[in-house]
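S.K.: Here's the letter readout for the chains.
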Amino acid sequence: MTDELFVVEDLTVTLPTSRGPVDVVKDVSFTVGRDDTLGIVGESGSGKSMTALAVLGLLPPGARTSGSVRLDGRELLGQSEGELRSVRGNAISMVFQDPLSSLNPYYTVGLQIEEGYRAHRGGSKRAARQVAIEAMERVRIPDAARRVDDYPHQFSGGQRQRIMIAMALCCSPSLLIADEPTTALDVTVQAQILELLAELQTQTGTGLIFITHDLAVISSIARRVLVMCAGDPVEYGTAEQVFSDPRHEYTRTLLDAVPRIDDEVML
Amino acid sequence: MTLLRVRDLSKQFVIRGQGGLLARKASFTAVDQVSFDVALGETLAIVGESGSGKSTTARIAARLLDPTSGSVEFEGEDISRATGKDLARFRNDVQVVFQDPFSSLNPRYTVERIVTAPLTYQGIAPKGGRRAFTRELMERVGLNPDHSQRYPAQFSGGQAQRIGIARALAVNPKLVICDEAVSALDVSIQAQVIKLLMRLQRESGFSYIFIAHDLAVVRQLSHRVAVMSKGRIVELGSRDQVFGEPRDEYTKTLLAAVPRINPEWDRRRRLSKGRS
Ligand SMILES: Nc1ncnc2c1ncn2[C@@H]1O[C@H](COP(=O)(O)OP(=O)(O)OP(=O)(O)O)[C@@H](O)[C@H]1O
Ligand SMILES: Nc1ncnc2c1ncn2[C@@H]1O[C@H](COP(=O)(O)OP(=O)(O)OP(=O)(O)O)[C@@H](O)[C@H]1O
Ligand SMILES: [Mg+2]
Ligand SMILES: [Mg+2]
Numbered sequence: 459m460t461d462e463l464f465v466v467e468d469l470t471v472t473l474p475t476s477r478g479p480v481d482v483v484k485d486v487s488f489t490v491g492r493d494d495t496l497g498i499v500g501e502s503g504s505g506k507s508m509t510a511l512a513v514l515g516l517l518p519p520g521a522r523t524s525g526s527v528r529l530d531g532r533e534l535l536g537q538s539e540g541e542l543r544s545v546r547g548n549a550i551s552m553v554f555q556d557p558l559s560s561l562n563p564y565y566t567v568g569l570q571i572e573e574g575y576r577a578h579r580g581g582s583k584r585a586a587r588q589v590a591i592e593a594m595e596r597v598r599i600p601d602a603a604r605r606v607d608d609y610p611h612q613f614s615g616g617q618r619q620r621i622m623i624a625m626a627l628c629c630s631p632s633l634l635i636a637d638e639p640t641t642a643l644d645v646t647v648q649a650q651i652l653e654l655l656a657e658l659q660t661q662t663g664t665g666l667i668f669i670t671h672d673l674a675v676i677s678s679i680a681r682r683v684l685v686m687c688a689g690d691p692v693e694y695g696t697a698e699q700v701f702s703d704p705r706h707e708y709t710r711t712l713l714d715a716v717p718r719i720d721d722e723v724m725l
Numbered sequence: 106m107t108l109l110r111v112r113d114l115s116k117q118f119v120i121r122g123q124g125g126l127l128a129r130k131a132s133f134t135a136v137d138q139v140s141f142d143v144a145l146g147e148t149l150a151i152v153g154e155s156g157s158g159k160s161t162t163a164r165i166a167a168r169l170l171d172p173t174s175g176s177v178e179f180e181g182e183d184i185s186r187a188t189g190k191d192l193a194r195f196r197n198d199v200q201v202v203f204q205d206p207f208s209s210l211n212p213r214y215t216v217e218r219i220v221t222a223p224l225t226y227q228g229i230a231p232k233g234g235r236r237a238f239t240r241e242l243m244e245r246v247g248l249n250p251d252h253s254q255r256y257p258a259q260f261s262g263g264q265a266q267r268i269g270i271a272r273a274l275a276v277n278p279k280l281v282i283c284d285e286a287v288s289a290l291d292v293s294i295q296a297q298v299i300k301l302l303m304r305l306q307r308e309s310g311f312s313y314i315f316i317a318h319d320l321a322v323v324r325q326l327s328h329r330v331a332v333m334s335k336g337r338i339v340e341l342g343s344r345d346q347v348f349g350e351p352r353d354e355y356t357k358t359l360l361a362a363v364p365r366i367n368p369e370w371d372r373r374r375r376l377s378k379g380r381s
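Chains as they are written, first to last, in the working numbering: chain L, 459 to 725; chain C, 106 to 381.
Okay, chain L solo, but in the shape it has when bound:
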């Protein structure tokens, strides 16, 4: 299809190590449409986060990439830092896997949400503040009007994750990449956040890339699924195909290992 929102073709990421260059992402291809959700699952260390960082031009120093990454037909790979900066947070938002190290510890969370919003939408400080408070309320941070002036370390792990999501929501991006955005959330708050993301998608047509180890969540939200193992894309198909008829041995191993709430217990 030519009208896909986001197209990744043969993306390879090579990182320098003390033992020479290593391909941590090998020939990965996928597409994401408008109001569409791609789930990326796989082994820990298989290159899921590196795929996301490559798209945003945020790879570690010395990294090399090849292939093609296009948003609305525009090539992103190999763009200048200035061009990429205008894409980040604007057309593409990212919820990072490690919220504590991606939030600035010296600024209040409110200021960080406001800055992102104003860079994108402009408007007065006061209006941005109102937007920040509302976004925090939407992600169920209790007492948001007061907490907007608190610093990242004053929040719980799951609250920090939700603040990252609040930031992304304010920018109504064309593409949202969420890397393990709900691992620190209890199942009821998680369900609310997933609903919120779905709402955003229907309202603004945002394409979503959802990276997680939680296969149950993927089965409920993703239309297509990419399975990665040791940098290789081992399986790519509709959620129904991957879950009901996995073609690759690794996918089967993974699905067999999912702990289920009604499993036999060993202890």
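Hint data in this document are derived by calculation from the structure and do not stem from the laboratory. These numbers were taken from a predicted model, which means no experiment stands behind them. Incorrect hints may appear among the rest.
Unchecked claim - Covered by chain C, according to a simulated footprint, are these stretches of chain L (three or more residues, beta-carbon under 8 Å): (1) 510 to 524; (2) 553 to 562; (3) 581 to 588; (4) 603 to 612; (5) 657 to 670; (6) 696 to 703; (7) 709 to 719.
Said to hold, decoys possible - Over 12 Å on every C-beta distance to chain L, these chain C residues come out as not near it, computed from the model: (8) S140; (9) E154; (10) T161; (11) E182; (12) L192; (13) R196; (14) R218; (15) A222; (16) D251; (17) V287; (18) A289; (19) A362; (20) I366.
No residue lacks a Cβ here, since even glycine has one placed at the ideal position from N, Cα and C.
We have chain L; now place chain C with the ligands onto it with these hints.
M.R.: Using the frame of chain L, we list chain C with the ligands on its own:
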């Protein structure tokens, strides 16, 4: 035998009150009258709402944060009074695997230095040398031992989490507090790490406080479960009671919200596996 005894623990954080710059200071109760015991060789799981005070409770139990009121006893001694040698022993016996893996690892240290630092402080030379010791631990948590000279930033989220686990296990502790310690691991490595934790419990009598949102994992490895909501323990009971006959409304809501793989897809996969 009771290893850890927590009584009426409360923690209030000083926060700004409503009303801008001139606002008075107010306080917020993050942990509210929490009591529990952890027996030797036991796993107590703490589950519950995001923001309900689980990590705060864990940090107080490890003496990384002072409570506003209440007490924590470890092996019968009040931990707030420990000094000198006793404190050093407590710091060894109680290890924490933190919820945010990267921010709890020194970015300027190699894995080998991170994992062996506590031993070095104590003047203990690991058998077979530091390199071999680190390599063996890395292997046990499913990390490539050839990466022992790498720095934390050179690892993925789940790999960093396992460095935290290796560090906690290195000093042969009595109690390991695991705060979302396996949440960034894929299910097969997660199963491997859980088996390792359970084997250490059988062999060396480790106790665990296991904080997690994944209720299926909690059910696999806990003896007792505490459910927290808004700073309080709303339910505390045996694993089978809490999962089988939950009494509290919040616990029931939580259990009902556990996401499952589409059952129809799951069924078809099992059938197709039988065929091939
Ligand atoms: N700066 C670096 N230099 C060299 N190798 C690195 C660097 N950062 C990460 N790696 C390696 O690249 C591989 C891919 O990492 P990535 O973070 O993409 O994994 P992931 O699939 O997101 O894993 P997880 O599920 O654990 O978060 C890993 O094996 C990791 O060890
Ligand atoms: N330094 C602080 N100042 C003010 N409030 C704080 C501070 N640290 C934590 N809190 C608040 O205390 C409450 C409990 O936080 P805690 O980190 O213990 O939650 P948690 O149960 O571990 O949540 P999660 O599952 O999201 O990690 C939260 O509402 C949090 O915002
Ligand atoms: Mg990752
Ligand atoms: Mg926590």
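S.K.: Run every hint past the structure and note whether it holds.
M.R.: Each hint tested on the structure:
| no. | hint | result |
| --- | --- | --- |
| 1 | 510 to 524 | violated (count 1) |
| 2 | 553 to 562 | holds (count 5) |
| 3 | 581 to 588 | violated (count 0) |
| 4 | 603 to 612 | holds (count 5) |
| 5 | 657 to 670 | violated (count 0) |
| 6 | 696 to 703 | holds (count 5) |
| 7 | 709 to 719 | holds (count 9) |
| 8 | S140 | holds (21 Å) |
| 9 | E154 | violated (5 Å) |
| 10 | T161 | violated (8 Å) |
| 11 | E182 | holds (29 Å) |
| 12 | L192 | holds (24 Å) |
| 13 | R196 | holds (22 Å) |
| 14 | R218 | holds (15 Å) |
| 15 | A222 | holds (21 Å) |
| 16 | D251 | violated (8 Å) |
| 17 | V287 | violated (9 Å) |
| 18 | A289 | violated (6 Å) |
| 19 | A362 | violated (4 Å) |
| 20 | I366 | violated (5 Å) |
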